[in-house]
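For the protein sequence lines, the chains are X and A, in the order given.
Okay, so the first sequence: first residue is 1254 according to my numbering, each after it adds one.
Okay, so the second sequence: first residue is 1254 according to my numbering, each after it adds one.
Possibly wrong hints are sitting among the right ones.
Identical copies look the same in the list; a pair holds intra-copy or inter-copy alike.
As the list claims (entries may be wrong) - Below 20 angstroms or equal to it, Euclidean Cα-Cα: the simulated EDC-like pairs (lysine to aspartate or glutamate) are:
id, residue 1, residue 2
1, LYS1406, ASP1535
2, LYS1437, ASP1567
3, LYS1502, GLU1469
4, LYS1505, ASP1438
5, LYS1501, ASP1438
6, LYS1646, ASP1453
7, LYS1406, ASP1536
8, LYS1652, GLU1571
9, LYS1437, ASP1535
10, LYS1270, GLU1350
The hints are simulated quantities; they were obtained by calculation from the structure and are not laboratory data.
Protein chains: 2
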Amino acid sequence: MQDAEGIKRLLAEDQAKDVVIIGGGLIGVEVTEALVSKGCRVTIVEKLPQIFGMLDWEMARLVTQHMEAKGVKVLTDHTVVKFEGEGAVEKVVTDKETLAADMVVMAIGVRPAVGLAKDAGLAIGDFRALVVDGTMKTSDDNIYAVGDCVESKDRITGKACYMTMGSTANKHGRVAANNICGRKDIFPGVLGSTVCKVFDFTVGRTGLTEAAAKQEGYDVEVVLAPGPDRAHFMENAKPLLLKLVVDKKTRKLLGAQATGPGDVDKRIDVAAMTLAAKMTVDDLANMDLCYAPPYSPAMDNIITAANVARNKLDGYIEGISAKEVHEMKEAKKDFVFLDVRSQAESDEVRLSNSTLIPLGALRLRIDELPKNKEIIAFCKISLRGYEAALILKAAGFKKVRVMDGGVVMWPYRKEK
Amino acid sequence: MQDAEGIKRLLAEDQAKDVVIIGGGLIGVEVTEALVSKGCRVTIVEKLPQIFGMLDWEMARLVTQHMEAKGVKVLTDHTVVKFEGEGAVEKVVTDKETLAADMVVMAIGVRPAVGLAKDAGLAIGDFRALVVDGTMKTSDDNIYAVGDCVESKDRITGKACYMTMGSTANKHGRVAANNICGRKDIFPGVLGSTVCKVFDFTVGRTGLTEAAAKQEGYDVEVVLAPGPDRAHFMENAKPLLLKLVVDKKTRKLLGAQATGPGDVDKRIDVAAMTLAAKMTVDDLANMDLCYAPPYSPAMDNIITAANVARNKLDGYIEGISAKEVHEMKEAKKDFVFLDVRSQAESDEVRLSNSTLIPLGALRLRIDELPKNKEIIAFCKISLRGYEAALILKAAGFKKVRVMDGGVVMWPYRKEK
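When you get a sec, could you build the whole thing from the sequences and use the hints?
Right, dumping it as structure tokens:
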């Protein structure tokens, strides 16, 4: 509270032009947006290779680009070494740069205040928070604990985790009160569902990221599905990028991430329900979600994403991430990087070393492509890229992949 | 298509000032909104006692009031007898009224064109549409059928139904194509998920209405939960009314309806997932839906509604509908109609024959209430009404009920 009042005072006195935010998590990003709206020049300093650790890197990259477009400087892989200044901070020195700073906001995470609990001999878990059972009871039968000072159970992995959300704390309170008052109630754990406003974007996630799923030992398939968030002919349709992480073995959803100016929270909530119900992408693909043009496409974005996942799981489409393509290019691997967009789209933005054959002309010009080289097809979102791959495979091309998410997901330098 | 062109032509020629829409379903209402935005004076004539037959009456009533506030005349229980005019329609005569009409739009439902299918000897169901199995195959092994010409399976009741939605038709197409091409895919049926924009309101539903559930023989509990659709301190928070229908025996959700200017479609999609997963309201109440103040309250509206349902199922709150209260008042039943809102709220709108004791004063003034009469408590949304009921019960009052949804759901004349 005092910090918030201090920030407001400095802003009111016009004493905070250059602000450095240390930590690129939820709090750091939310404070960034607030301060930019007050006219501050904001730099985020993040120790890790990406901000928004709750997202996979390519999703975080899109959010970072949006923040940069709003004038925010985002420094990743930067470690703060010291602060400099006379009486008040004037500079933040990282291991790579020195930044002007009239104000510094530390947003490097939260740690539960469990001193009292420790003194009382209550069990503390690996995340330095209180251990509770499903009734929110601590290791002492007469003591219950709720909110940011307790560990939760991850509903996907079944393991303990530490997730601090106001929504979770509210539910904890009710569960504990019910049990204390003799009414049985079990808190089932969390999915890590999160949503955050970042300027004109919404960022959301639930369940495991691709990175976390792999770390847990899952063999995963991923989908990147960009598209308008409602019927494309509606004036209020906005772009939305959805990522699904799916367990190859069980075909069950493991996690979802979404970002863009479009309607993110609805799809993340549907994904959270899919996770809680342990549904497969096949179940999700035929779900009766409500539809009218002002609210969603006839095939909702998450249903399309589920169908892409099914196509991948069933071997109809082999994807490759933009990152892997980039690495292949850097390593001078020999392959055809096939752009099947229109000439006009390519004139606007082209990716280096790509070969342009618009989808409509592909059957006619198919002989221009070598059968002995790998072909990686793409378009703006890789829907036409997928169609191209099907045409090529039907024509006898053996090694054809599609770049996941298309040009939308290409975070490297785009050429004119 | 020709009808749409005809309507556009009449509008362009300024020949459609008074328009009568026959039929108050989805199409009738959507056309009404479009025509009002073009400056027409629109009257909807509906044969049944309510428009929006897909909703329970009290929900439909709220939507009707909103349409009336936008200048639409809504005539229910009116049967069209004839059209009058010279060369073109000039009047619509119902069994009760004669209406001026430069244009009439018939929106009385759709009937599948199954002539060809009948001639081919294919099985036709009770809804006069084609019978298909889960693979979308008709009674002929070599013929598949999809879209508005086929019957669906209701996922709640397991029975055949006829629901025509673009989203369903799209899914049908994929399932049929998959099966025709040798890839197994089963369409699981529909939930009746629907969403519709009605001026500043969104109207949505999924699963069974209270009326339909009762007709199916379910013993149901219902919840009416009005509230802001995101954190109440957010400027973009808008009112949302949610109704849940719950099976008393299994505690499973049977259906949900929502309306208001708030974010309806997200909650209806979450409800649809709850239905498909056959989850109880207990499951739903502890669901990890994504939360941030710009997107939802900390306890999402549907989670609060699920908790109200749990309180009702567990006997902590006994509800009574506004309709039943109204009937008790009409029948001059002896009960205390206890308003626990503030004096200011009561000064603005009061319900007739109500007794005002603001919640904060209830404990002090509890002796003013008779212990031998039934008390029906209410406030604006009946949250304080519920708290009042708990206080009264703890003080020994035996017969206390809470009016579901509070003043928000009172469709009768409100007094100043």
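Now for the hints, and whether the structure bears them out:
no.: 1; hint: LYS1406 x ASP1535; in the structure: between (27 angstroms within a copy, 18 angstroms between copies)
no.: 2; hint: LYS1437 x ASP1567; in the structure: between (44 angstroms within a copy, 11 angstroms between copies)
no.: 3; hint: LYS1502 x GLU1469; in the structure: within (14 angstroms within a copy, 39 angstroms between copies)
no.: 4; hint: LYS1505 x ASP1438; in the structure: between (27 angstroms within a copy, 16 angstroms between copies)
no.: 5; hint: LYS1501 x ASP1438; in the structure: between (34 angstroms within a copy, 18 angstroms between copies)
no.: 6; hint: LYS1646 x ASP1453; in the structure: neither (40 angstroms within a copy, 49 angstroms between copies)
no.: 7; hint: LYS1406 x ASP1536; in the structure: between (25 angstroms within a copy, 15 angstroms between copies)
no.: 8; hint: LYS1652 x GLU1571; in the structure: within (9 angstroms within a copy, 66 angstroms between copies)
no.: 9; hint: LYS1437 x ASP1535; in the structure: between (35 angstroms within a copy, 11 angstroms between copies)
no.: 10; hint: LYS1270 x GLU1350; in the structure: within (19 angstroms within a copy, 70 angstroms between copies)
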